[in-house]
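In case you want the letters, here they are:
2 protein chains.
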Amino acid sequence: MSGEKLRSREQRKADTLAKLTAPAADVWVATAAVDADGQASSYLVPLSLAWIDERVVLATEADSVTARNITRQGRARLGLGPTRDVVMIDAELEQAYGLDDVPAGLARGYAAQADWDPRESGGGIQFLVLRPRRIQAWREVNELPGRTLMRDGAWIT
Amino acid sequence: MSGEKLRSREQRKADTLAKLTAPAADVWVATAAVDADGQASSYLVPLSLAWIDERVVLATEADSVTARNITRQGRARLGLGPTRDVVMIDAELEQAYGLDDVPAGLARGYAAQADWDPRESGGGIQFLVLRPRRIQAWREVNELPGRTLMRDGAWIT
Chain S
588 MSGEKLRSRE QRKADTLAKL TAPAADVWVA TAAVDADGQA SSYLVPLSLA WIDERVVLAT
648 EADSVTARNI TRQGRARLGL GPTRDVVMID AELEQAYGLD DVPAGLARGY AAQADWDPRE
708 SGGGIQFLVL RPRRIQAWRE VNELPGRTLM RDGAWIT
Chain Y
588 MSGEKLRSRE QRKADTLAKL TAPAADVWVA TAAVDADGQA SSYLVPLSLA WIDERVVLAT
648 EADSVTARNI TRQGRARLGL GPTRDVVMID AELEQAYGLD DVPAGLARGY AAQADWDPRE
708 SGGGIQFLVL RPRRIQAWRE VNELPGRTLM RDGAWIT
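Line by line, the protein sequences give chains S and Y.
For the first sequence, counting from 1, position 101 maps to 688 in this note's numbering; every step adds exactly one.
For the second sequence, counting from 1, position 9 maps to 596 in this note's numbering; every step adds exactly one.
If you are wondering where the hints come from, they were derived from the structure by calculation, not from laboratory data.
Quick reminder that beta carbons are idealized off the backbone N, C-alpha and C, glycines included.
Quick list of in silico lysine to aspartate or glutamate cross-link-like pairs, DMTMM-like style, CA-CA up to 25 Å:
# : chain 1 : residue 1 : chain 2 : residue 2
1 : Y       : Lys606    : S       : Asp672
2 : Y       : Lys600    : S       : Asp613
3 : S       : Lys592    : Y       : Asp704
4 : Y       : Lys606    : S       : Asp613
5 : Y       : Lys592    : S       : Asp704
So these bits of chain Y aren't anywhere near chain S, every CB distance computed over 12 Å:
#  : residue
6  : Glu597
7  : Leu604
8  : Ala649
9  : Glu681
10 : Leu686
11 : Asp688
12 : Gly692
13 : Arg706
14 : Gly711
From just these sequences and the hints, can you work out the full model?
As structure tokens, then:
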């Protein structure tokens, strides 16, 4: 892979926040479930996100596989791309809200960053507020050292 | 979400194969494990792929989380991006090989498409040959109908 210039931790954090706050940003959301036979199965889907108060906020159908897995397991692993400029986030579910009990500012903040407004979609939407526990960012193999930017929920300084 | 033109199934299949055969193509690989406490946990990482004989071939460290999850669970969910032009693949593990027992043509084929050659990396690399069971492709919400291109391992015609 390439000999691209290594970024400092400060630069990686700035690039990470730029990705997380970009208008209409999408994130790959990987979740898991234990099937009836005791085997684990993984699920993966891209969703629009908002970055609000250092939380990743998703909005999706409450009966979707992703929402069910997150509310049951209490966590997800998130990837922002492209694949050679990634941000990986291990996050835990802090709160889940329906359209009736979502704080107005949260719903407004989501709609302001995402390119759709769940409040206009009616019905069974769930807002999922995910708290990052670990954030890593790297481009190519040479950036694997120093990729951890947040550990145990705290930015490394 | 946009009013972009709907692609035919034929076009989506052609676009999907173009993504799968692109030089240095990467794929998001979502896998899962059952933790000691009985909870499921998901893992997600981008890896280089090769498309050989209608199989997705990955190569990664045998002791990586991804390799361990795939060999234990026998399956993975794969996503090729970008997030608004996705191909989603549910695949099952057909074969896993080490550097000693990998068929020469498979290793050569992988190195020809990927931008690295696992044979030169020494040690604990595992080739994972994944057989697609279901393939879906869509760009925006309007393309969700008709997104399934392969079902039960067979292309829909």
